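Protein sequences appear in the order of chains A and B. For the first sequence, our numbering assigns the number 608 to the initial residue and increments by one for each residue that follows. For the second sequence, our numbering assigns the number 608 to the initial residue and increments by one for each residue that follows.
Hint data in this document are derived by calculation from the structure and do not stem from the laboratory. The structure presented is a predicted model; accordingly, all values stated were derived computationally and were not measured. Some hints could be false.
The list treats identical chains as one, so a pair stands whether inside a single copy or across any two.
Unchecked claim - Below are the BS3-like pairs computed for lysine-lysine, each with C-alpha atoms no more than 30 Å apart in a straight line: (1) 765 x 805; (2) 680 x 805; (3) 862 x 852; (4) 634 x 852; (5) 621 x 688; (6) 852 x 870; (7) 765 x 798; (8) 739 x 634; (9) 768 x 781; (10) 739 x 621; (11) 634 x 680; (12) 739 x 680; (13) 621 x 805; (14) 648 x 680; (15) 781 x 805; (16) 798 x 852; (17) 688 x 768; (18) 798 x 768.
Protein chains: 2
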Amino acid sequence: MATFQEKLTNAANKNNSLLCVGLDPDKALMPQIDVATFTTKIIDATSDLVCCYKPNLAFFEALGNEGLDALTKVVALAHAKGIPVIGDSKREDIGNSSRFYASRLFDMLGLDAVTVNPYMGSDSVGPFLEYKDKGVLVLCRTSNPGAADFQEQTVLVKGTKMPLFELVARTTVKWNRNGNIGLVAGATDPKAIGEIRKICQDMPILIPGVGAQAGDLETSIRFGVDSLGGGLMLNSSRQTIYASKGNDFAEASRKVAVDLRDKINAARLPALKK
Amino acid sequence: MATFQEKLTNAANKNNSLLCVGLDPDKALMPQIDVATFTTKIIDATSDLVCCYKPNLAFFEALGNEGLDALTKVVALAHAKGIPVIGDSKREDIGNSSRFYASRLFDMLGLDAVTVNPYMGSDSVGPFLEYKDKGVLVLCRTSNPGAADFQEQTVLVKGTKMPLFELVARTTVKWNRNGNIGLVAGATDPKAIGEIRKICQDMPILIPGVGAQAGDLETSIRFGVDSLGGGLMLNSSRQTIYASKGNDFAEASRKVAVDLRDKINAARLPALKK
Chain A
608 MATFQEKLTN
618 AANKNNSLLC
628 VGLDPDKALM
638 PQIDVATFTT
648 KIIDATSDLV
658 CCYKPNLAFF
668 EALGNEGLDA
678 LTKVVALAHA
688 KGIPVIGDSK
698 REDIGNSSRF
708 YASRLFDMLG
718 LDAVTVNPYM
728 GSDSVGPFLE
738 YKDKGVLVLC
748 RTSNPGAADF
758 QEQTVLVKGT
768 KMPLFELVAR
778 TTVKWNRNGN
788 IGLVAGATDP
798 KAIGEIRKIC
808 QDMPILIPGV
818 GAQAGDLETS
828 IRFGVDSLGG
838 GLMLNSSRQT
848 IYASKGNDFA
858 EASRKVAVDL
868 RDKINAARLP
878 ALKK
Chain B
608 MATFQEKLTN
618 AANKNNSLLC
628 VGLDPDKALM
638 PQIDVATFTT
648 KIIDATSDLV
658 CCYKPNLAFF
668 EALGNEGLDA
678 LTKVVALAHA
688 KGIPVIGDSK
698 REDIGNSSRF
708 YASRLFDMLG
718 LDAVTVNPYM
728 GSDSVGPFLE
738 YKDKGVLVLC
748 RTSNPGAADF
758 QEQTVLVKGT
768 KMPLFELVAR
778 TTVKWNRNGN
788 IGLVAGATDP
798 KAIGEIRKIC
808 QDMPILIPGV
818 GAQAGDLETS
828 IRFGVDSLGG
838 GLMLNSSRQT
848 IYASKGNDFA
858 EASRKVAVDL
868 RDKINAARLP
878 ALKK
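Isolated chain A, as found in the complex:
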């Protein structure tokens, strides 16, 4: 069976795209239709433009059974289109409990990758890493203002000063025995993305915050691409899926996705020529 990394590379190559569309269904922003219809129509309209989808479980779980039903349909449809699905789940626990989260997210929901928070350390991330064909995207330098509270604090490691997020990146390199780790680094701090790329070499990096959160797309790509000019998943959620609140929401999301894919590819060009 293909690994997450293989599925991601296949989709990125086939669609010539590093765009990840984030699926965050919020009834206050959506057209007045059910969530499964909303999210699957967006997939139908964009599946030739993306390298992956990223449903955020916060939004689906807040809808109870309707949300769970929609998430199941999102995963099935994306897979039918050949696109891997990252569950933006951000949950982990001590090792004994974390394996239940891993089983839920990978075995039951069929997600190809998940996001995890590193604060609890190796044994909390370990049960996810044991799924060798799945991707584990570790939060490193997130795109929100609160990232400054801890992630940017200076840590002293054997006499060397570095920001905490850099220690996280360095630690994940040691954890990566199965070659299935990636990192999360927001477009709000492209310089951090450059530092992280140097440390993690060719690990995939999920970059949220290129849309509504107003991160710097071009610099993030320039600093973030791997040695082959790829290795990035540039996520846009709200900007793309809420492009219109009318009946034309799917076509409107397609237009934004085309535009983002093209902007991303234009910014990749210099890197691809290297």
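Got chain A; can you put chain B on it based on the hints?
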């Protein structure tokens, strides 16, 4: 409506207990009955011995609908017995998304408190804190081996060295405008509990790892009690709920809970006399 803190104090006073029973239903360890029956029978057998229950959502969610049904029954029964329920959920996101987790956990599931991971900072924890009558227990120094990876790293804050978990504790004091924050600090490091108590004054501290994880119960209590000799929730999960795999599992869990409650109270005595 009573706040989490009030409910916790009421239950601790009524039952003269700082014991928290962790509900982690694992079919490999349980008697062969359904999860709702298992967990509610344990509540029936122990509700006069505890100050709170702590269902770990990893275990319930891994069981799909059966788990969700059981969790709903756990919350309802605990509330009928006057005992508050901590959802050990450990999930949060950027502010915009975190509010959906808060709504799911507090509004839909009716939990009285939840655990959250601090790595993403203030805006990720903020939406939980806005529920003034709910408790928000921030992971500080967890009980697992991986806690050493980041939580114990030395950070430099304005020229002062401290472990990261101490910076987390200091930061939560600043966040605590609504007086509804507590901290999580494992019994595996009682000295850390003492440091955290000094910093957070009378915040409640959830202490996992007193049972199967073999933390130091007595020292944790001595270093951890607040100025009134309380302010702790000492959690035992596996040791208590898997005391027997036979038909006597509920009575067996009661025996362990009585023993733990008494051991905890014996260790509190010196503090109460202060």
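Results of checking the hints against the structure:
no.: 1; hint: 765 x 805; in the structure: both (20 Å within a copy, 28 Å between copies)
no.: 2; hint: 680 x 805; in the structure: neither (38 Å within a copy, 50 Å between copies)
no.: 3; hint: 862 x 852; in the structure: within (14 Å within a copy, 59 Å between copies)
no.: 4; hint: 634 x 852; in the structure: within (11 Å within a copy, 45 Å between copies)
no.: 5; hint: 621 x 688; in the structure: within (11 Å within a copy, 58 Å between copies)
no.: 6; hint: 852 x 870; in the structure: within (24 Å within a copy, 60 Å between copies)
no.: 7; hint: 765 x 798; in the structure: both (24 Å within a copy, 23 Å between copies)
no.: 8; hint: 739 x 634; in the structure: between (36 Å within a copy, 25 Å between copies)
no.: 9; hint: 768 x 781; in the structure: both (19 Å within a copy, 26 Å between copies)
no.: 10; hint: 739 x 621; in the structure: within (24 Å within a copy, 50 Å between copies)
no.: 11; hint: 634 x 680; in the structure: both (18 Å within a copy, 28 Å between copies)
no.: 12; hint: 739 x 680; in the structure: within (24 Å within a copy, 36 Å between copies)
no.: 13; hint: 621 x 805; in the structure: within (27 Å within a copy, 58 Å between copies)
no.: 14; hint: 648 x 680; in the structure: within (11 Å within a copy, 36 Å between copies)
no.: 15; hint: 781 x 805; in the structure: within (15 Å within a copy, 35 Å between copies)
no.: 16; hint: 798 x 852; in the structure: neither (35 Å within a copy, 55 Å between copies)
no.: 17; hint: 688 x 768; in the structure: neither (46 Å within a copy, 52 Å between copies)
no.: 18; hint: 798 x 768; in the structure: both (17 Å within a copy, 26 Å between copies)
Hint violations for this structure: numbers 2, 16, 17, all remaining hints satisfied.
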